[in-house]
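Novice: Single-letter residue listing:
Protein chains: 2
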Amino acid sequence: MIKNLCVIGVGLIGGSLARGLRKQQWCQSIIGIDANQHAIDEALALGVIDTGYTSIDQCALVPDVIVIAVPVLKVASVFAQLKPWANQCAAMTDVCSTKENIINDYKQVFGTQESTCFVPGHPIAGRERSGVAAAMDDLYQQRKVILTPMDNSRESSINLITEMWQQVGAHVEHLNPHEHDKILAATSHLPHALAFSLVHCLSTQSHTDEIFRYAAGGFADFTRIASSDPIVWREICLANRKELLEALEHFDTSLHRLRDSLNAGDGDAIEEIFTQAKAARDRYTNS
Amino acid sequence: MIKNLCVIGVGLIGGSLARGLRKQQWCQSIIGIDANQHAIDEALALGVIDTGYTSIDQCALVPDVIVIAVPVLKVASVFAQLKPWANQCAAMTDVCSTKENIINDYKQVFGTQESTCFVPGHPIAGRERSGVAAAMDDLYQQRKVILTPMDNSRESSINLITEMWQQVGAHVEHLNPHEHDKILAATSHLPHALAFSLVHCLSTQSHTDEIFRYAAGGFADFTRIASSDPIVWREICLANRKELLEALEHFDTSLHRLRDSLNAGDGDAIEEIFTQAKAARDRYTNS
Chain V
1 MIKNLCVIGV GLIGGSLARG LRKQQWCQSI IGIDANQHAI DEALALGVID TGYTSIDQCA
61 LVPDVIVIAV PVLKVASVFA QLKPWANQCA AMTDVCSTKE NIINDYKQVF GTQESTCFVP
121 GHPIAGRERS GVAAAMDDLY QQRKVILTPM DNSRESSINL ITEMWQQVGA HVEHLNPHEH
181 DKILAATSHL PHALAFSLVH CLSTQSHTDE IFRYAAGGFA DFTRIASSDP IVWREICLAN
241 RKELLEALEH FDTSLHRLRD SLNAGDGDAI EEIFTQAKAA RDRYTNS
Chain Y
288 MIKNLCVIGV GLIGGSLARG LRKQQWCQSI IGIDANQHAI DEALALGVID TGYTSIDQCA
348 LVPDVIVIAV PVLKVASVFA QLKPWANQCA AMTDVCSTKE NIINDYKQVF GTQESTCFVP
408 GHPIAGRERS GVAAAMDDLY QQRKVILTPM DNSRESSINL ITEMWQQVGA HVEHLNPHEH
468 DKILAATSHL PHALAFSLVH CLSTQSHTDE IFRYAAGGFA DFTRIASSDP IVWREICLAN
528 RKELLEALEH FDTSLHRLRD SLNAGDGDAI EEIFTQAKAA RDRYTNS
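If you read the protein sequences in the order shown, they are chains V and Y. For the first sequence, this note's numbering gives the first residue as 1, with consecutive numbering after it. For the second sequence, this note's numbering gives the first residue as 288, with consecutive numbering after it.
Extracted from the complex, chain V is given alone in its bound form (with noise of 0.2 Å):
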């Protein structure tokens, strides 16, 4: 347990680690900094946050954990509000989607260290609603949290923050900054894009409205995460720029080979590309 957790960005990520944390009475206040005084407000309001400021330096106290839930292109600047407090607290953490970014804008502020307490991390798990409103104590049951310690991490900061994500019943994993960012790009970033090209593409089209009306639970499905926060989305596909564009161009060769089987007619060669996907989902996931 700890004293004072400060949660910078108070959305959907953050506060649903507010939330399984007082569930959990991990910490005896919970300190919510948000630029944004409607998600202070809304946040105060139920029950979310103890305390709120709108900047870092209204904040008296140096918290004992910090934890940056804010989208992956503000984090530099947060960094730089934060440098007063400068390895005073015990742990620091943030929740970003992109990792070799993240500690690049670190590195940057704070220099080369003997020793930080940052430990950076990123939770596998999200819904496509955003706000602090839509916030669940339950958010992370049952996910896989990835930290990307790095070399300086201290030990007891990467204790904290890994005793901080098993309280809210998270599976917590490491992997070096690079590997994390990769497979983040096939496995999130691309669906992503996809997801969103697809969609953008059907609502450009001249009869947008019978597509749309004629969409089964399979599309639903599929374009859920076209349903997301776009300008989130906007910083994680600009911040994990070189990844992403090598995994749509892995995936363009992938949907070639298709179009080319497709154009010549070649049934064998279709149900090649398909029988393979459907053996590698069904190997992999039970959902």
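Among the clues, some could well be false.
A short, non-exhaustive set of chain Y residues, derived as facing chain V with CB atoms under 8 Å [as the list claims (entries may be wrong)]:
hint, residue
1, H494
2, T510
3, D569
Hints in this document: simulated from the structure, not taken from any laboratory. Where is the CB? At the ideal position from N, CA and C, for every residue including glycine.
We have chain V already, so just place chain Y on it with the hints.
Specialist: Relative to chain V, chain Y alone:
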């Protein structure tokens, strides 16, 4: 209520219809025909059908209503076998995901008649599981069924097929076959092609294990349709090749726009695509 219903192809789609109609007691007896003896045995054991044959010529009586529920490229040979019964039954329909090719197949076998009992149809429903064991009596509840009647389809046959689908809770609508194929290429065949291609692409990469290991709920939703039956989907893609290729080309344009924006680091352009997609999806779907 009718006397004899004959379902040709006792799988998920035909089996679910049989189950639903039996529950509603719409037919006195259900005959199942399937080249696969195992499917017949299973359907008999599950009480989905009352009598089963492995070929149409084994069935001595002419049924009142025939539902052709075989994969799309097998329909032509079913038509050929049904020729002896031509227009002796009250109504005949199919359940295929493409309609222009089915109508062409029909005309090739039956030629041009003054009137016909055939009413082409397509229930917009399914599961990624296949086979009669996966059949559910409520599969069509609240689902759309699109009929694409031919110019010479008998009014009484259209009414009977409409009544049949309404019995299992479906909403029946009419489209012309070309419209149907164009719309379904966009909402169903294209998403399947993308999902299969994505999983295929990921399954051919060197770090496939890690990729699937860290896949989240969004990925499972997005790729669920890639667990569909490869043979069924091979046939649908081939049957609707022209429309699907056109849909793929549209998609390619959208995806390239996103890729170019990403390459240029143009966040505003990316956000515009995502925002338009989210707005379209949120407007048209509720899930």
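Novice: Give a verdict on every hint.
Specialist: Here is how each hint holds up against the structure:
no.	hint	in the structure
1	H494	holds (7 Å)
2	T510	holds (6 Å)
3	D569	holds (6 Å)
Of the numbered hints stated above, none is contradicted by the structure.
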